[in-house]
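S.K.: Residue numbers (my numbering), protein chains in the order written: chain A, 169 to 519; chain B, 823 to 1006.
Hints listed in this document are in silico derivations from the structure and should not be mistaken for laboratory results. Remember, predicted model here, so these are calculated numbers, not experimental data. It is possible that part of the hints are untrue.
In the EDC-like style, the derived pairs of lysine to aspartate or glutamate whose C-alpha atoms are separated by at most 16 Å in a straight line are [what the hints assert, rightly or not]:
id, chain 1, residue 1, chain 2, residue 2
1, A, LYS508, B, ASP943
2, B, LYS928, B, GLU917
3, A, LYS297, A, ASP320
4, A, LYS484, B, ASP852
5, A, LYS297, A, ASP325
6, A, LYS327, A, ASP295
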Amino acid sequence: MQSLTGIGVFVNVIDAFDECDNCSSILNILSKGGFPENVYFIITTHPEEDIMAKLQNCPHVLLQDVNKLTEHTIYKDIKSYIHHQLTVSHLTFSETEIEQLTKKADGLFQWAATACNYITECKAGADYKNHFDSILLFDPGLDSMYTAVLKDKISADPKEAKSVITVLARIIAAIEPLSMQLLKALCLSQYEQQLVENVIPLLGAVFTVHGFNVIRPIHTSFRDYLTDQARSGSFFADINQGHQDLAYAAFETMKKELHFNICQIESSYILNSSLMQEQIDLISPALFYSCCFWSDHLRLQKAIPGFQDTITYFLKNHFLFWLEVLSAKGAYNVAIPEMKFLLAQTVCYLL
Amino acid sequence: MTLIETDSFFVKSNIQKEWTDSNLQAFVKDAIILIQTFAVPLWSAVPHIYLSALALSHNASEVQQHYTARFCNLLQCPSNIYAKQIQGIIKVKSEVTGIAFSPDGKQIISGSDDQTICVWDAHTLKQIGQPLTGCSDWVTSVAFSPDGKQIVSGSGDQIICGWDAHIRSRERGVDTNGDTKGRH
């Protein structure tokens, strides 16, 4: 840092500082201060005691409690956020229209973010004005915003809507965020795969698809909304069902893809460290996900119906091939917990 | 020539015995043992899942029994290289610091940190008589004489004691300059 002698201002942003791995060592550096004058840090954090204790009395630290911001400040912030979001998407809205939207947000940043996503995602047509108009008609509050977006994007046909919701439940239930390809691979029927392809891209207002195509709910509030039947009503995503579907898909994937010498190792003298990437890539992402997380999806279900035959089949036919995948991928830390979980389960069956 | 590349190494066989719930449980238990025992070869080289873990697992392991038929030319181990299973357990009240068999194999003696020596029936694992007392510190080692008539003990009070194995009374003590750390 001391050697930073460039011209101009350097602003370092640390978001969710309390969740940083090496939080305490960074905290020590930050609390000491003595940075060049053109270096600034913007840190967002929960007011954890140790962090606050270190930073509270530092003369070079300006603390701002967001809960104590005035309504007016929040209003101004949301307004400039909306303005920025719409401008970067090259959409033109008048000052009054932006004011209208800001008022509707009623102090909720997440509302503003979802609204902007909803408006800006229809890039092709002039459709965005319609989206804007309909947002102004939504009932106030985040839940009504989510309901309205889903109602707009998901087919009115109850059967199709139900299928979409079961796919959404899988996204929410996934142990690691799924990519589009992975989600598709873990949907067993072609119909569901088609749904993933057609529907997820339309749900940009509530699911973000980031680099590597990873799908995540835009905010924990949307996740909470989806999984709480009282809030989401007919869009309720049953996370228990999601786990059950993913467990089933995991066993099916393993059944289909696990086989002897999956990495096509040519000699028994070869160590894992000398395997080539192409060989390791013979293990598909869906297979690797399945090998790592089948037990989690079983464990997180309220009841485990009818998986005993599947488990028996897996052990009888694929146990050693499963070890191959974990060994080649270096994921051996999951092996013992998965087996111990099974052991606990088999004890339950016997009782 | 390596095993894994030979076409006949892996046999796609469908011979499967019917499994009961207890088979399943035993399999999972043995799977855990296999993973723990062979962690190093297992995680450093995929082929050693077969060449080490499967081949060298205990013959009674469900995993071994179930899978070996599907692999040819695996190293075979005679069953007697494995330690026998624990046949019985003697519960004692304090830490065991030394243990020995009598030359005829019929008795076991144990010394412990409560300053006593106990004699056990090696077959029934029941205690014979009262514990031998007389040491004034931890018993650190115990041994039988080759003819089985005497027991000797070393202890932390710097004394080696000789005991009559039959009437089990202390015969004599020999003072030493340091702790007696015995070997049998």
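S.K.: Could you work out which of the previously given hints the structure breaks and list their numbers from low to high?
M.R.: 1, 2, 5 and 6
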